[in-house]
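Protein chains: 2
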Amino acid sequence: MARYVLKFGGTSVANVTRLHHVANLVKEQAEAGHELVVVVSAMAGITNELVGYAQSLCPDKLTPEHDVVLSSGEQVTSGLLALALTRLGLISRSYLAWQVPIVTDDNPSQARILKIETEQLERCLKQGIIPVVAGFQGINDQLRLTTLGRGGSDTTAVALAAALKADRCDIYTDVDGVYTADPRLVANARKLGQITYAEMFEMAAQGAKVLQARSVELALKHRVKLRVLSSFFKASGTDIVEERKFVESTQISGIAHNPHEVLITLKGVPHQIDLMAQIFNRLAQHRISVDMLVQTHAVNGKVDLNFTLPQADLERAQPLLEQLQKELIFSNLDIDQDVVKISVVGIGMRSNLEIGRNLFNTLASHQISVRLLTTSEIKMSVLITKQQTALALNVLHEVFNLEGGDKECALSA
Amino acid sequence: MARYVLKFGGTSVANVTRLHHVANLVKEQAEAGHELVVVVSAMAGITNELVGYAQSLCPDKLTPEHDVVLSSGEQVTSGLLALALTRLGLISRSYLAWQVPIVTDDNPSQARILKIETEQLERCLKQGIIPVVAGFQGINDQLRLTTLGRGGSDTTAVALAAALKADRCDIYTDVDGVYTADPRLVANARKLGQITYAEMFEMAAQGAKVLQARSVELALKHRVKLRVLSSFFKASGTDIVEERKFVESTQISGIAHNPHEVLITLKGVPHQIDLMAQIFNRLAQHRISVDMLVQTHAVNGKVDLNFTLPQADLERAQPLLEQLQKELIFSNLDIDQDVVKISVVGIGMRSNLEIGRNLFNTLASHQISVRLLTTSEIKMSVLITKQQTALALNVLHEVFNLEGGDKECALSA
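Top line first, the protein sequences correspond to chains S and E. Heads up, the first sequence is in our numbering, so the first residue is 1 and it goes up one at a time. Heads up, the second sequence is in our numbering, so the first residue is 1 and it goes up one at a time.
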């Protein structure tokens with residue numbers, strides 16, 4: 001008998017038929033004798049609808065009331081799935097964040113989990129009750145509702161798995177695992193049987209949408225075993241592991257792309273030693289995170305600064321940047337939305353100069369010009385124009401030998 | 001400075017535009033210097049949608065999970081209205097039932113309020129914060145969500161007004177007050193400036209939809225001053241008072257009609273002394289309430305039983321009645337859905353034999369046949385066929401002199 005946390009995302013519970021199907025998946029696991037805690041997202045589309053209401057009443061900032069409105073979606077799903085499980089003869093009940101409770105800090109819309117009381121859930125498990133926990137939500141120390149940010153139900157699931165010392169956390173979604181690249185853009189994309197936490201973290205952070213980066217970080221931190229699999233059809237999923245059991249011939253595990261970034265260029269900024277820090281801090285105060293920050297060498301005491309930030313934050317960032325332009329007195333502020341970030345992810349990448357060379361040569365030979373480059377221990381990201389997304393993914397997928405299905409069999413869990 | 005509870009129903013908060021309008025109504029009251037507690041229903045249509053989901057997963061009974069699903073609608077509205085108020089420069093925050101808390105018994109779907117802690121809300125009022133309380137919901141002593149039954153937000157509002165010793169509870173709805181009959185069916189229907197609790201209770205119980213009967217009962221019990229008025233246009237509403245200040249020429253205050261009843265006939269039931277009790281108890285065990293129960297005199301040891309019950313309960317009642325047919329061994333079980341209950345409401349009615357005579361003569365002279373009759377201190381109800389609804393309402397409205405607007409001016413608050 002094992003203890004599993006099963007998490008079902010928005011498309012998995014999009015309507016009553018899907019909910020019923022999910023209930024049957026849970027039943028199978030229950031009948032196999034496992035202890036189960038289920039975590040659910042809002043039904044697909046509901047959160048967007050609720051965001052729409054809240055934004056049309058208060059478009060310019062996020063308040064704690066946004067969290068009250070948004071968290072209701074998960075409440076509905078938890079109640080409905082508990083109903084569906086009960087109909088199948090199981091004993092189940094819904095749990096809202098305040099009932100567990102799941103305690104967070106009081107950062108509205110982006111709260112972080114501080115503590116999960118497991119006593120109630122442990123009692124459920126002992127009594128053979130399957131708790132269905134509403135994901136994405138928490139309460140702060142003032143007993144007010146908070147939410148964990150988009151995709152926060154993954155975080156709820158991983159945090160519960162850690163707190164309950166679950167044997168594994170299964171993330172059910174609408175794809176059957178983690179691919180070497182987006183299968184809609186790369187015909188030869190291959191499902192990975194295993195991927196390391198670190199690689200998965202980069203893949204998620206760089207735009208692979210199967211898992212939220214924060215939940216991978218949390219899983220890594222607490223050594224929670226993760227599996228990504230489909231609630232739509234039966235197939236082996238992808239296991240996120242500490243070390244890959246079989247080292248593949250190439251260190252590259254996949255290529256992610258993120259079209260939701262904008263490139264900001266500040267031109268002719270008088271050089272100051274803390275220039276980057278100033279810009280970074282100003283944006284961070286408004287919870288806008290900057291990525292791919294690059295500063296040119298000073299010419300005549302002036303530098304150019306390039307950085308990317310999430311498209312969703314652009315509206316809030318623009319007045320801040322215009323204010324900075326007045327304060328720092330620089331000539332141009334350019335905003336380019338026609339960019340995509342392509343990231344090649346794999347362990348030990350930085351030490352392998354061959355990969356960078358391969359990357360640049362391949363892109364150049366296909367007339368793909370690179371606007372920005374950043375590297376880390378396990379990823380290398382380039383910024384290119386949007387219309388070259390599919391071309392770049394495919395040529396890189398080929399040059400790094402990611403296609404082919406044979407290796408996958410050996411790697412499947 | 002007065003303290004008011006303002007309650008806004010589903011059509012008053014049906015969309016973002018209406019919510020914004022409601023926020024302005026609240027602002028007007030706040031600027032007049034009043035202390036305000038706001039109670040909201042779910043946006044019109046939402047509750048039905050949620051009921052639809054829950055019923056398709058679990059059609060045959062109501063469980064605590066139905067309450068979890070349904071109560072989310074009011075959560076959304078409370079968050080949105082608090083947002084809208086904040087946008088208008090007021091200080092506001094949402095309150096869910098568990099945050100107040102509003103404690104109920106653990107009767108799922110039909111919980112009754114046991115206790116309201118006012119400490120949090122009093123603190124809000126002292127600090128100039130306008131709390132927006134989610135109506136319809138409560139928590140039981142196990143800290144699980146409960147709901148108060150359809151229209152339960154009225155009950156929340158009245159209960160809060162009682163607990164907070166409010167000067168008045170204003171129920172904003174899509175009509176501008178209580179009418180002598182449904183204005184859509186009776187052209188001469190007249191808005192009442194005042195109506196007594198007892199009359200309002202009967203009007204509500206007999207189908208006038210402006211207020212839930214239970215909330216009127218609660219208002220009567222705790223002497224909460226009620227006002228019914230429109231959130232759609234400015235007009236004097238109807239005050240629900242202990243005694244009407246001006247006695248009108250007729251004792252009849254209005255005529256209600258309820259088309260959502262079915263007539264059950266059990267034919268040839270062997271007479272037993274506790275027959276009515278048996279039937280009543282069996283249905284009550286399943287929380288089906290029987291109305292207009294009439295038993296014929298025994299002929300050859302057998303009786304006929306006629307009673308009405310809510311159409312919504314028919315599906316659950318039918319198997320119980322069929323079971324009773326087997327146990328009690330009677331010949332026929334008839335179910336007639338083509339009925340409407342017409343109720344004439346007014347103080348001191350039973351003592352005035354003229355009214356009953358007038359009622360029967362008027363209906364008879366218009367070929368309206370009466371299937372059942374029941375009377376109480378302040379109402380007289382008849383069951384007739386549905387297609388004669390408008391005819392019956394109009395001829396009774398005329399014969400009891402309910403039309404005309406002059407008297408209304410004198411009665412307006």
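Some hints could be false.
For chains that are exact copies, the list does not tell them apart, and a pair is met inside one copy or across any two.
Result set (DSSO-like, lysine-lysine): computed pairs, CA atoms no more than 30 Å apart in a straight line [said to hold, decoys possible]:
hint	residue 1	residue 2
1	K27	K225
2	K61	K27
3	K165	K386
4	K126	K61
5	K326	K27
6	K27	K386
No lab work stands behind these hints, which were simulated from the structure alone. These numbers were taken from a predicted model, which means no experiment stands behind them.
*30 Å Cα cut-off: does K27 pair with K225 within a copy, between copies, both or neither?*
within (21 Å within a copy, 53 Å between copies)
*When no copy is specified for K326 and K27, does a C-alpha distance of 30 Å or less occur within a copy, between copies, both, or neither?*
neither (62 Å within a copy, 38 Å between copies)
*Measure nothing new, just compare the shortest in-copy and cross-copy C-alpha distances for K27 and K386 to 30 Å and report within, between, both or neither.*
Classified as neither; 44 Å inside a copy, 48 Å across copies.
*Is it within, between, both or neither when you check K126 against K61 at 30 Å Cα-Cα?*
Classified as between; 27 Å across copies, 44 Å inside a copy.
_Up to 30 Å CA-CA - K386 versus K165, copy category_ = neither (43 Å within a copy, 63 Å between copies)
*With identical chains treated as interchangeable, where does the CA-CA distance between K61 and K27 reach 30 Å or less: within a copy, between copies, both, or neither?*
Close across copies (21 Å), not inside one copy (42 Å); limit 30 Å.
Checked against the numbered hints above, the structure breaks hints 3, 5, 6 and satisfies the rest.
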